[in-house]
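Chemist: Each chain, letter by letter, is given below.
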Amino acid sequence: MPLTATERLRISRRAFLAALGGASLLANPASSTQAFAEHLAWMDRADAPLFASARKQPDGSFAIAVFDDSGRELARVPLPDRGHGLALSPDRQVMVAFARRPGTFALAIRPFTNASPRLISSIQGRHFYGHGCFSGGGRFLYTVENDYENARGVLGVYDMTDESPRRLGELDTFGTGPHDILALPDGKTLVVANGGIQTHPDRPREKLNLGTMRPSIVFLDAATGDLRAKHELTADLHQLSLRHMALDGAGRVWVGGQHQDKTASPPLVGFVSPDRELTLCPLPDRFTGLLDNYIGSVTANRTGDVIATSAPRGNRILFWNAETGNFIPDQTVPDGCGIAPIDRDGFLVSDGLGGLTYLDAPDSQPLVLSRPPGVAWDNHLFAL
Amino acid sequence: MRLLTALSLFLPLAVPLPGIAQDIDYSTRIENAIEGYIRPAVDGFAEEALDFPQAVASVCDHPSANSRAAFDAEFDRIIDRFAEISFLRFGPLVEDNRLNRLAFLPDPRGVAQRQIRKLRSDSDLLSLTREDLQQKSVALQGITAMELIAYDTSANVTLGTDTPEGRADCAYAMAIAENIAEIGEELSDAWHDPKGYSADLLDPGPDHPTFRTSAEVMETVFNALPVAIVILKDQHVLPVTGGGPEKAKPAALPFSRSGHGITYLASSIAAIDDMIHAMDLVPLLSGPDKRLPGGISFETRNGLSVLDRIETPVRTRFEETGGYQDLSVFVFTLNSMQNILAGQLAPALSLAGGFNALDGD
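Going down the list, the sequences are from chains A and B.
The letter at position 252 of the first sequence is residue 659 when you use my numbering, and the numbering goes up by one with no holes.
The letter at position 333 of the second sequence is residue 316 when you use my numbering, and the numbering goes up by one with no holes.
None of these hints come from the bench; they were simulated from the model.
Given the structure is predicted, the values throughout are model-derived calculations rather than measurements.
All C-beta atoms in this analysis are idealised placements derived from N, C-alpha and C, irrespective of residue type, glycine included.
Treat the hints with caution; some may be incorrect.
Unchecked claim - Beta-carbon label-pair distances, calculated as ranges: (1) A:728 - B:229: 54 to 60 Å; (2) B:147 - A:487: 52 to 58 Å; (3) A:669 - B:280: 30 to 36 Å; (4) B:280 - A:771: 33 to 39 Å; (5) A:709 - B:109: 45 to 51 Å; (6) A:607 - B:229: 53 to 59 Å; (7) B:105 - A:500: 40 to 46 Å; (8) A:497 - B:40: 56 to 62 Å; (9) B:105 - A:696: 30 to 36 Å; (10) B:106 - A:497: 27 to 33 Å; (11) B:228 - A:595: 51 to 57 Å; (12) A:497 - B:97: 53 to 59 Å; (13) B:105 - A:456: 25 to 31 Å.
Claimed, not checked - Listed next, the in silico BS3-like pairs over lysine-lysine satisfying Cα-Cα at most 30 Å (straight line): (14) A:463 - A:614; (15) B:273 - A:669; (16) A:595 - A:669; (17) A:637 - A:595; (18) A:463 - B:178; (19) A:669 - A:637; (20) A:463 - B:119; (21) A:595 - A:463; (22) B:101 - B:119.
Isolated chain A, as found in the complex (with noise of 0.2 Å):
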């Protein structure tokens, strides 16, 4: 199937689809291969931001794909299976994508040169979580996996340097369940969403601990793993499984959570920092039962001073005042989870629908740039 790109797009970026054409290797080479060469030949000018998210095929597949703020799909990667998130190194060379969990496998590329995409496999006994992050140097990838035997979370720690990632050890979350995880801009602090839940790939996708989970923020030595802050719920929200997280403008650590009692109605979103607990935000009575106690991302717009959640189960992308802790007016996206940063203080939101919407304010009206029939975007919008 051809690309869907509708212009010739003119950026400075041929190396970096050079590579993804390589990456197209992996599952599927005729039609990718061909495509991306198809695109290779008037890529030669730099004039547009560039976004990237798994999603799944018209035929079924599933893939990573680039496009720009218009929603023109430029490349697009096949995975082997259904992906999940991206780790973007800082100087944004290299990009990792991770298979949705409980997968195994994650795939480096490094766009800026024609190095060919390398697979990453989850060791004996652990399995990816779907999301990783680079140290704020770029040398080390962490990869959130479960040590599934020991119901026990631990980051794989992989040195980028060479073309092939190495990996080096690992370090405890010291929790369970781990998810999301960010790297501080002080490039000495890791940040680590415990989900609190225990599952085993022999029973994929079941949740084996729910009457004794304890999910927690915990805050580690990205060089030694020494746990420098640990954030933990109160008994009552116990529940309430800590996922996603993104950076506000002043450092803090903004989270989404999933609550896994279907008749509360507890705060689903909070922030918190390494010397101050998790102060969680009312939501408005009206979206009481209206969303499933369930948030599907949380990302920070350009300036860090508005956080955006999606609860897609609710089709509803939630705005908050960073600085206040305030709800701000919510959008309607139906199915609508990735969320990434557009423009200065804008949004651009994708969807299980095809849909990339674009919000250029919180509360402006929702425009539709594109929707490619047969495709829904998966959980994660990484701008490049």
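Position chain B relative to chain A; hints supplied.
Modeler: Frame of chain A; chain B shown alone:
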């Protein structure tokens, strides 16, 4: 039908509930959809599209008020027939990028207009063929491009102007019309191919690369309906009305340039109703749920009645004729249709959920 909780307003991407939908045999409903709706609809589009080149030739070779009116009537029929297939966002319409080639929607940033401007300045349109066009951007190839070159912004047909530019546009229009006709034939052939996509839908199995069960097929086929409502509402209508009456943007309605945007909306909801009834879902329903397909018909009639009140062309008549109020009421109709499709009918058929709503991601 309007008493549903807001929770069920949008459950647009249905997937089978484990252990329930998998036990239901949907094959008869799928066969009904193919034979009772999809094939007749694509055949209808294909037949209408075959007339499109002649309509272009008439207005270009013999420009007159009559030939322009005839072209406009043909364009309206094309929009009508396109609306009947445009929501079938699976299989042949998706393959080879046919849907985007037929109509480049949405296009809020005017990509097609920019590309047409560039095409006019860079190319010798007089020698442009259908084959040439098929090598160009999808935004240049279909109905939306035809509308941009054949109409002015007040819904007047401008094709057939006896100027160098007019003759060039006629050549371009002919290439578009022939391209649309060819895609129509391809669609019809693909849906009638006994070994083609129909066979994929009718013969799922454990070794099938896409569909292992009839429930997975049903997921694909049924999902097209609530997704169609989402597109109509969020993508087509709310950009017109969402900013409030002072900021209404009737030009944002697809096919409003030609004055046929309301045709597109009306035909779209009628098509959804037709597909529901062609599938004959009642045997899979029990108790009060058996009335749900009738509820779709009820809401469809409401929607058509509201749309019938809107005077066209909306770009010039919207403000003075209260179009904003009527189109806002139409949004309520779409909500009600979505309530039934996603909030009631999907669960009643053991279909529920969403791609991004699975536990723990």
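Chemist: Evaluate each hint against the coordinates.
Modeler: Each hint, compared with the structure:
1. A:728 - B:229: 54 to 60 Å: Taking Cβ atoms as reference, residue 728 (chain A) and residue 229 (chain B) lie about 27 Å apart, which means the hint is violated.
2. B:147 - A:487: 52 to 58 Å: This hint holds: roughly 55 Å between Cβ atoms.
3. A:669 - B:280: 30 to 36 Å: holds, 34 Å
4. B:280 - A:771: 33 to 39 Å: holds, 36 Å
5. A:709 - B:109: 45 to 51 Å: holds, 48 Å
6. A:607 - B:229: 53 to 59 Å: With Cβ atoms ~57 Å apart, the hint holds.
7. B:105 - A:500: 40 to 46 Å: violated, 36 Å
8. A:497 - B:40: 56 to 62 Å: For residue 497 (chain A) and residue 40 (chain B) the Cβ distance comes to about 60 Å; the hint holds.
9. B:105 - A:696: 30 to 36 Å: violated, 56 Å
10. B:106 - A:497: 27 to 33 Å: Cβ of residue 106 (chain B) to Cβ of residue 497 (chain A): about 44 Å, so the range 27 to 33 Å is violated.
11. B:228 - A:595: 51 to 57 Å: holds, 55 Å
12. A:497 - B:97: 53 to 59 Å: Since the Cβ atoms of residue 497 (chain A) and residue 97 (chain B) sit about 35 Å apart, the hinted range of 53 to 59 Å is violated.
13. B:105 - A:456: 25 to 31 Å: holds, 26 Å
14. A:463 - A:614: holds, 25 Å
15. B:273 - A:669: holds, 29 Å
16. A:595 - A:669: Violated, at about 38 Å.
17. A:637 - A:595: At roughly 16 Å apart (the allowed maximum being 30 Å), residue 595 (chain A) and residue 637 (chain A) satisfy the hint.
18. A:463 - B:178: holds, 25 Å
19. A:669 - A:637: holds, 27 Å
20. A:463 - B:119: Judged against 30 Å, a Cα distance of about 26 Å means the pair holds.
21. A:595 - A:463: violated, 36 Å
22. B:101 - B:119: holds, 12 Å
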